[in-house]
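Peer 1: Protein chains in written order, with this note's numbering: chain A, 1 to 141; chain B, 142 to 282.
Possibly wrong hints are sitting among the right ones.
To be verified - Sample of chain B residues with no beta-carbon within 10 Å of chain A, all distances over it, derived:
#, residue
1, SER197
2, THR209
3, PRO210
4, GLY228
5, ALA233
6, GLY257
As the list claims (entries may be wrong) - Now the in silico label distances, taken between C-beta atoms and shown as ranges:
#, chain 1, residue 1, chain 2, residue 2, range
7, B, GLU175, A, GLY100, 28 to 34 Å
8, A, SER32, B, PRO207, 40 to 46 Å
9, B, PRO230, A, ALA99, 39 to 45 Å
10, A, GLY102, B, HIS188, 20 to 26 Å
11, B, LYS266, A, GLY27, 18 to 24 Å
12, A, GLY116, B, ARG213, 38 to 44 Å
13, A, GLU37, B, ASP231, 40 to 46 Å
14, B, GLU157, A, GLU37, 40 to 46 Å
15, B, GLU178, A, ARG104, 34 to 40 Å
16, B, THR170, A, ARG104, 20 to 26 Å
17, A, ALA99, B, ALA240, 43 to 49 Å
18, A, HIS112, B, ASP248, 38 to 44 Å
To be clear, the hints were calculated from the coordinates, so they are not data collected in a lab. Everything numeric in this text was worked out from a predicted model, so none of it was measured. Note that beta-carbon positions come from the ideal geometry of N, C-alpha and C, so glycine has one too.
Here are the chains, one letter per residue:
Protein chains: 2
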Amino acid sequence: MFLRIDHVGIACHDLEEKIAFYESTFGLTVVSREVNEEQGVREAMLHVADGDNGASYVQLLSPLHPDTPVGRFLARRGEGVHHIGYGVPDIAKAMAEIAGKGVRVLDERPRHGSMGASIAFLHPKDVGGVLTELVEAPKRS
Amino acid sequence: MFLRIDHVGIACHDLEEKIAFYESTFGLTVVSREVNEEQGVREAMLHVADGDNGASYVQLLSPLHPDTPVGRFLARRGEGVHHIGYGVPDIAKAMAEIAGKGVRVLDERPRHGSMGASIAFLHPKDVGGVLTELVEAPKRS
Chain A
1 MFLRIDHVGI ACHDLEEKIA FYESTFGLTV VSREVNEEQG VREAMLHVAD GDNGASYVQL
61 LSPLHPDTPV GRFLARRGEG VHHIGYGVPD IAKAMAEIAG KGVRVLDERP RHGSMGASIA
121 FLHPKDVGGV LTELVEAPKR S
Chain B
142 MFLRIDHVGI ACHDLEEKIA FYESTFGLTV VSREVNEEQG VREAMLHVAD GDNGASYVQL
202 LSPLHPDTPV GRFLARRGEG VHHIGYGVPD IAKAMAEIAG KGVRVLDERP RHGSMGASIA
262 FLHPKDVGGV LTELVEAPKR S
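Chain A extracted, bound-state conformation (with noise of 0.2 Å):
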């Protein structure tokens, strides 16, 4: 079910900060800066490594206000990692077939992520404390 590794969402306070500190310290460039108002984050994806079946990334979230899902992350636990993102062939069919192994999704039907990407969240509490999030790319034309 699972292609790849999509990325790892790490969540801080100070966005431009981070994205300068993993260019220069680790080589990773920035490959698309989007705001999520839905979301409530602004976040930019940071290229790793290209693969058979897609590319993965490190993508660093801030908060647009503190009263966001990653606002109240960071305030509970401090910057960190946020999510673990998995690539998926076929979103709605792994939502069904996840929800069918009794694993709570958090989205009735799959939303808007990175780069054009459709997604689902797994609840963490049922994936051992992880939060997981379920990434179909868009269709290369």
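Place chain B on chain A using the hints.
Peer 2: Structure of chain B alone, referenced to chain A:
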């Protein structure tokens, strides 16, 4: 410098239970099981994807004793993402470069990681709260 997301290291209480969950829910397959006495962990590597620069895994970790790094992590934060491992082409070179940027490298010399890899950890306080591992995969013969 980073070739790939080598693995996501996930701390759990019951390794066999979590392996069964990842296998049955997400269709991943265990490719290696090891006990690493030095790190105080019992671990399993579950294959996610192959890429141009090596493979990606979910690494499930359970502590051999409560008084180990992973045991203390579980007591403090509960189950969840423990660290992120990135593949590098030359670990000694990567350690020197990263140390030169002012990031504390927790190992003086590379040590033994999963499946014959050479690894080193970076101080999470210098990497925005993320315990970060460098992984040089063994040369293929």
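Peer 1: Could you run down the list of hints and mark each one as holding or not?
Peer 2: For each hint, the structure was consulted:
Listed as outside the interface, SER197(B) is inconsistent with that label: its C-beta sits roughly 5 Å from the nearest C-beta of chain A, within the 10 Å cut-off. Every C-beta of chain A lies more than 10 Å from that of THR209(B), the closest at about 18 Å, which supports listing it as non-interface. No beta-carbon of chain A comes within 10 Å of the beta-carbon of PRO210(B); the shortest separation is about 15 Å. Annotated as non-interface, GLY228(B) brings its C-beta within 10 Å of a C-beta of chain A; the closest such distance is 8 Å.
Annotated as non-interface, ALA233(B) keeps its C-beta farther than 10 Å from every C-beta of chain A; the closest such distance is 16 Å. Distance check on GLY257(B): its Cβ is at least 20 Å (rounded) from any Cβ of chain A, clearing the 10 Å threshold; non-interface status holds. The hinted window of 28 to 34 Å between GLU175(B) and GLY100(A) holds, with their beta carbons roughly 32 Å apart. The given range of 40 to 46 Å is respected by SER32(A) and PRO207(B), whose C-beta atoms sit roughly 42 Å from each other.
The beta-carbon spacing between PRO230(B) and ALA99(A), approximately 41 Å, falls within the hinted interval of 39 to 45 Å. About 24 Å separates the C-beta atoms of GLY102(A) and HIS188(B), a value consistent with the hinted range of 20 to 26 Å. For LYS266(B) paired with GLY27(A), a C-beta distance near 21 Å keeps the hint of 18 to 24 Å intact. Our hint of 38 to 44 Å for GLY116(A) and ARG213(B) holds, since their Cβ atoms are close to 41 Å apart.
For GLU37(A) paired with ASP231(B), a C-beta distance near 43 Å keeps the hint of 40 to 46 Å intact. Under the hint 40 to 46 Å, the C-beta atoms of GLU157(B) and GLU37(A), about 43 Å apart, fit the expected range. Between GLU178(B) and ARG104(A) the C-beta distance comes to about 37 Å, which sits within the given range of 34 to 40 Å. Separation of THR170(B) from ARG104(A) is about 24 Å and conforms to the stated range, judged on CB atoms against 20 to 26 Å.
Range check, ALA99(A) to ALA240(B): about 46 Å between beta-carbon atoms, so the 43 to 49 Å window is met. For the pair HIS112(A) and ASP248(B), the supplied restraint of 38 to 44 Å holds, since their beta-carbon distance comes to about 41 Å.
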